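S.K.: Sequence:
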Amino acid sequence: MMQKAVLFTGYILIAVLTTFTGVATVRAGCEQGDCTNGPGRYAWPDGSNYTGNFVKGKFHGQGTYSWADGKKYVGGFKNDKRSGMGTFT
Numbered sequence: 099m100m101q102k103a104v105l106f107t108g109y110i111l112i113a114v115l116t117t118f119t120g121v122a123t124v125r126a127g128c129e130q131g132d133c134t135n136g137p138g139r140y141a142w143p144d145g146s147n148y149t150g151n152f153v154k155g156k157f158h159g160q161g162t163y164s165w166a167d168g169k170k171y172v173g174g175f176k177n178d179k180r181s182g183m184g185t186f187t
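Mapping of the sequence shown onto this note's numbering: residues 99 to 187, in sequence order.
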């Protein structure tokens with residue numbers, strides 16, 4: 099009975115530590131749509147993300163890039179770079 103209690107307590111401890119320390123791994127990647135050719139949403143672990151059009155896996159066309167600190171660029175992109183008209187806030 100003692101071994102079962104210790105084992106059960108260990109599982110609870112692991113669950114609590116995982117919950118409060120954020121051990122879950124967050125990876126960069128395509129979260130929605132087609133991030134190769136077409137509209138999609140790509141996010142990074144720091145909270146930055148791009149939502150818009152992709153061509154050959156690059157930001158291309160209209161889109162929105164949001165930084166983790168709340169800054170945002172809405173406008174044109176060409177080959178992963180801001181291009182043409184846009185608004186930075």
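One should not assume that every hint holds.
[Stated by the list, open to error] Straight-line distance between alpha carbons at most 25 Å, and here's what the computed DSS-like set of lysine-lysine pairs gives: (1) Lys156 - Lys170; (2) Lys170 - Lys154; (3) Lys156 - Lys176; (4) Lys176 - Lys154; (5) Lys179 - Lys156; (6) Lys169 - Lys156; (7) Lys169 - Lys179.
Since the hints were derived computationally from the structure, they do not count as laboratory data. It should be emphasised that the depicted structure is a prediction, and the values quoted were computed from it without experimental measurement.
S.K.: When you check the alpha-carbon spacing of lysine 156 and lysine 170, does it fall within 25 Å?
M.R.: Between lysine 156 and lysine 170 the Cα gap is close to 18 Å, so the pair holds against 25 Å.
S.K.: Between the alpha carbons of lysine 179 and lysine 156, is the straight-line distance 25 Å or under?
M.R.: holds, 9 Å
S.K.: Is the Cα-Cα distance between lysine 176 and lysine 154 25 Å or less?
M.R.: holds, 11 Å
S.K.: Would the pair lysine 169 and lysine 179 pass a check requiring their Cα atoms to be no farther apart than 25 Å?
M.R.: Distance of about 16 Å is within 25 Å: holds.
S.K.: Does lysine 170 pair with lysine 154 here, judged by a C-alpha cut-off of 25 Å?
M.R.: Since the Cα atoms of lysine 170 and lysine 154 sit roughly 23 Å apart, the hinted pair holds (cutoff 25 Å).
S.K.: Taking only the CA atoms, is the gap from lysine 169 to lysine 156 under or equal to 25 Å?
M.R.: Holds: lysine 169 and lysine 156 sit about 21 Å apart, inside 25 Å.
S.K.: Is lysine 156 within 25 Å of lysine 176, Cα to Cα?
M.R.: Since the Cα atoms of lysine 156 and lysine 176 sit roughly 8 Å apart, the hinted pair holds (cutoff 25 Å).
Checked against the numbered hints listed earlier, the structure breaks none of them; every hint is satisfied.
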